[in-house]
Each structure stands twice: as C-alpha cells, then as structure tokens.
Amino acid sequence: MKNHIAILIGALALCSCEDYLTQENPNKIESEYYFTDESSLEIYTNGFIRSFATAIKSFVDGDKNADTHSWDGQAAYFMDNYSADDATNWTTSNWSQLRSINYYLDNMRNAVASDAILDHYEGVGRFFRALFYIDKVQTFGAVPWYDTSIDATDREALFKDRDNREFVASKILEDLDYACTYCLTSDKYRVRASYIHRYVALALKARFCLYEGTMRKYHAVDPSTGRAWTKDESRFYLGECVKACEEIMGDGVYKLTDDPAKRQTQYRDMFTNADACGVYTDEFIWARDYDIDLKVTYAINNYMVNPQHANYAFTRQFIDTYLMTDGTPFTSKYPDYDDLDLVAECTDRDYRLAQTIRTPGFTRDGGTTQWAPDVKFSKTGYQPIKWLTDDSSKDTNVAAIASDVPLIRYAEVLLAYAEAKAELGEMSEEVWDKTIKPLRERAGVDGTRPTKIDEYLQNAYYSTDDGNPKITDCDILEIRRERAIELLLEGRRYDDLMRWHLGGLLNKQWYGIYIGEVDKAYDLNNDGVNDVCVTDKAGSEPGVKYIVRNSERALEDGASGRLVYNLQRYFNEQRYVHPIPKTALDKNPDLGQNVAWK
942 MKNHIAILIG ALALCSCEDY LTQENPNKIE SEYYFTDESS LEIYTNGFIR SFATAIKSFV
1002 DGDKNADTHS WDGQAAYFMD NYSADDATNW TTSNWSQLRS INYYLDNMRN AVASDAILDH
1062 YEGVGRFFRA LFYIDKVQTF GAVPWYDTSI DATDREALFK DRDNREFVAS KILEDLDYAC
1122 TYCLTSDKYR VRASYIHRYV ALALKARFCL YEGTMRKYHA VDPSTGRAWT KDESRFYLGE
1182 CVKACEEIMG DGVYKLTDDP AKRQTQYRDM FTNADACGVY TDEFIWARDY DIDLKVTYAI
1242 NNYMVNPQHA NYAFTRQFID TYLMTDGTPF TSKYPDYDDL DLVAECTDRD YRLAQTIRTP
1302 GFTRDGGTTQ WAPDVKFSKT GYQPIKWLTD DSSKDTNVAA IASDVPLIRY AEVLLAYAEA
1362 KAELGEMSEE VWDKTIKPLR ERAGVDGTRP TKIDEYLQNA YYSTDDGNPK ITDCDILEIR
1422 RERAIELLLE GRRYDDLMRW HLGGLLNKQW YGIYIGEVDK AYDLNNDGVN DVCVTDKAGS
1482 EPGVKYIVRN SERALEDGAS GRLVYNLQRY FNEQRYVHPI PKTALDKNPD LGQNVAWK
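Residue numbers 942 to 1539, in the working numbering, belong to the letters of the sequence shown in order.
Simulated from the structure, these hints should not be mistaken for laboratory data. Watch out, some of these pointers could steer you wrong.
Calculated lysine-lysine pairs in the DSBU-like style (CA-CA distance at most 30 Å, straight line) [stated by the list, open to error]:
1) Lys-1523 <-> Lys-998
2) Lys-1375 <-> Lys-1393
3) Lys-1184 <-> Lys-1274
4) Lys-1101 <-> Lys-1449
5) Lys-1327 <-> Lys-1172
6) Lys-1172 <-> Lys-1101
7) Lys-1378 <-> Lys-1203
8) Lys-1274 <-> Lys-1393
9) Lys-1539 <-> Lys-1523
10) Lys-1172 <-> Lys-1539
11) Lys-1274 <-> Lys-1129
12) Lys-1196 <-> Lys-998
13) Lys-1184 <-> Lys-1375
14) Lys-1184 <-> Lys-1378
15) Lys-1184 <-> Lys-1077
16) Lys-1101 <-> Lys-1112
This one's a predicted model, so the numbers in the text were calculated from it and none came from an experiment.
Please model the entire structure based on the sequences and the hints provided.
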C-alpha cells in the first residue's frame, strides 16, 4: 500500500508541463486520463486508506475523554463556556474527503475492467463514503447528504440545508450494504489486513448498526431536533448488526488468537508487535501496517512516558471492574476494595489488567528492572502500557516505533454480536459461549456466564444518573464490562457512552491508587524501593515521586485514602451532538443549529 501511494504521487509529479496545461482542469486528476484500469482504481483508493485509517495518536485519544481514564489537560468541548463559536470540523478541508470520494465514484467506471472488479472498487468507494458520514452523524447528528460531486458554481447544492439524521443513516447503510455485497474477499485484498474487502465492510456495518440501534433505544429523542424519532428503528439496526456479525462468524475466516501458554502476554502483544499484521492475521480484520525500514513510524512511546504530553491515567472506578481470575467481581471478593494497595488489588485479576497498566513486576525490554507507576506522569497511579513497546529499559524512551495497529479486530465483532443479541432479548448460553466466554478465557478468567447482577458495576456505571432506567439485565451489564476492558484505548469508549446515553459518567470524580498515610513513602510494586509519597511539602528520598497536596491532587479522606485528581469536566444533555460551527452558519444560515445549542 505504501508503494502504491508513492506511485500515485510520483505519477502526478511526472506529468509533463504540456499534459498538465492541456488537461480540461489543471487542478484535479481528469477521469479520462486517470481512471483507465484496475491498477488506477487500486492506487486511487489506497489514497483513501491512508487518509481514513486512523493515525495511532488519534486512535488512542479516541478514549482520552471517556470515563475510564483521566488526563492532564482539558478539551475545550467539556468546558462550561463552550459554544458554537468554538466549534470546528466543518471547514472546506473537513469536507474535501467527501468531494474526493464522490468524484471517484462519479468517474471510476470509466476504467476498463471486469464487472466484478468495477463492482468491488465501487464498494470500496462507498465504504469510505459511509465511514466519512458515520463520523459526521455521530458528531453533529443531522448533516447534508451528498452522493455526487458538486460543481463550484452550484450554489443550490452547496448551500442546501441539512438532511434528517434518520435519512442520512439510511444512506450510510445503503453504501455499506453495497460494499458488503460486492467487495471481494480474495487473498490479494486481505493481505496484511491493509486493504478494504467484504469482511471489513461487514465489520464496519456491524459497528455502525450497533451504534445506531442503541442510540435509538437509549435516546428518546433525536438530539439534533429534540423531537421523537419519526419511527422506531432500534430493532431494525440491531438486527442488521446481528446479520453482519453472523456473516463474518459463519465464514470462519477469523478467530480469536489464543495460545493458553501465552495468555499472560498475548493480549498486549497484539498492540506492540512490529509484525502484528503478519502474526495476527486470524484476528485483525483491518489494520495500519507500519514499517521501520520505510520510516513509516509513530511516537506512541513518547506519549506514554513523557510528562510533556497527555499524562494518561486510568481511574480507580474502572480498574475495579476487572474480574478476578475465578470470574467473580473484585468488589464482591473484597468488601474493603477501595482500601487495598496496588499489590493486593492486582493479585489474581484478569490477565489483561497486567497487560494494560503497570502492575507489580512490570519490566521493559525483557530486563529485570521493575518499573513502578510514575505518579508524576500518571496522576491516578494507573499508568497505561497497552501500546508501550518494550524496546528500551529506560523510562524515557521516545524512539519512533512501527508496531502495526489494529483498526478493527475480530474481538469487536464478537462483542457487537453479543450486545446486539442481548439488546434484542435473544441472548442465550450458545451466544455467550461463542462470544464473551472465549474472550474471558483468553484473559485467564473463568468464562462461566454470570447469573447474578454485579451491584458495583450496575451502580457505578449503569444506574439512572442520565435519566435511563437502571440496567437490570445481567448479560447487558457483563457485555458492557467486557467491551470496556477488551477494547480499552482503541477509540470506542466515548462513542459507547454517547449511544448508551451515559455522558454523565464524564462528570464523575477521578480516583486513583490507595495511599495509607500522608507523609509516608510507599513501595507501590513491592520491589523494595519506595516510589511515592503524598505530603504537604517537598521531599528528597531518592527515587520517590512526591505529590504535594493541593486543590488538584489530594487524598480522599484527607490524611489517607484513594488519590483524588480534580479536573472538572462539564457534560450535559446538549453535548450528545456538537453544535454546528458559527462560521458555517454565517456562510449558510439554512443549515440551522442543533436544538439544544440554539
């Protein structure tokens, strides 16, 4: 794919001056000159892959503003004075991808190729149009739908009002259905999970339909208009999610990668292995293929250990949701669970915990040096390692890395299937046994289907805070638990909160590790070296990170208790959709503003 993109750039650069000047329009690729054969379609659509396949930083940051973890900063959107004057994502550049896609779809059938090949590449184009509009709908709600390229002089089209959200969703589904029908699945399209094929389209359809189905179920009104949905399509979309998942699962091309001898390392290896696209072909449906030799790299290590960046840290409330290996809730196993130190709370837990955060015994680079959580960087003490590669034994590693990045994994398909079936009231032992059970067993957890509500999970996360009925379905609660843990830092959690109508969780207080006594240094990872001290004054013990109590960081009970990290976020009902930016409304008042932002 990288070579194809280079060829496209080179081909444009090598056009002679005469050719350039004699083209009908020198500012674009003319279809009669470019769309000639299958190779030209492949090269053009590979440009879409580069544009749409989420960069790793954005991918991880997709969860940054969720409830599962805190960070040292504040997004403008969660400040109480945010308004349409601050809104973005509606400039010419934000819509240019759509113009490129529609121009391609308008002209790609000029190429000489078989009907099957032309249908496949139309499916690829429509896949990317669906992907573009999914982002727009989930951000703004109602948006104008365009399925053909617009001439710069067509003011009626350029200045049209927004189309109904339900209409746009139906058009997205049409595009995805076309891609699911006509995109091919031969090996050349599935190599290293880097291209678009039928299974990628089915997986995106499942993701979108799960979102839309639960959005309609848990939101009584369309957030764009404040009015009830024109028709109840929740079950329809959930049913479409089920069908898409069943097609993937039934074909048997993908499966969970599970080696019982590697269960304490294999989860994290999917996110740190430099050749993950080659190793995890059974699980990766779509991925970004990085390459150190071609200098196609990223700097996620820098973001995971460098305090100049986002200072990622998970919350105690979320860490408490990881099960014990015997399948029981941690919070029911230990009545005093909030008073346990890091060593105790990390013992006999779901193997993914130690592959997601620094727990006692964590080392880097295969060495023997143990690294405790850096509470200067990770304000709650629960420091992520899921994407942190082991290419340095130092805690200051900022080297560029090239680990491949999964964008859609088979695990997500299993989770979507289980959730849709549960929401439809069709959950069964059979469904559980082929979805949630193998995910838990891969993580060293007893996969037996629970029959008793976990009251901690229910009350801490899925109560009535947002005006929803309390979740009383044990299967739904457990599927949500599993989804949060399995897909953590993969860009799904914020979207999940939006569709479940649980944005109020973003306002919750952040808690961290337990500290037994103020002014006393503690050894967090039981390696014989003190790591942290909460105090009212600076200290000088070597290796100890001192947290000076203030309005931002303190202890829950004053002189002891969980770390408290204060950074207020403000989420209310209107924020389930962003406002249309004022700059866009100034140019086209017919767009209209989302009702709660008027």
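Violating hint indices (sorted, rising): Violated: hints 3, 4, 5, 11.
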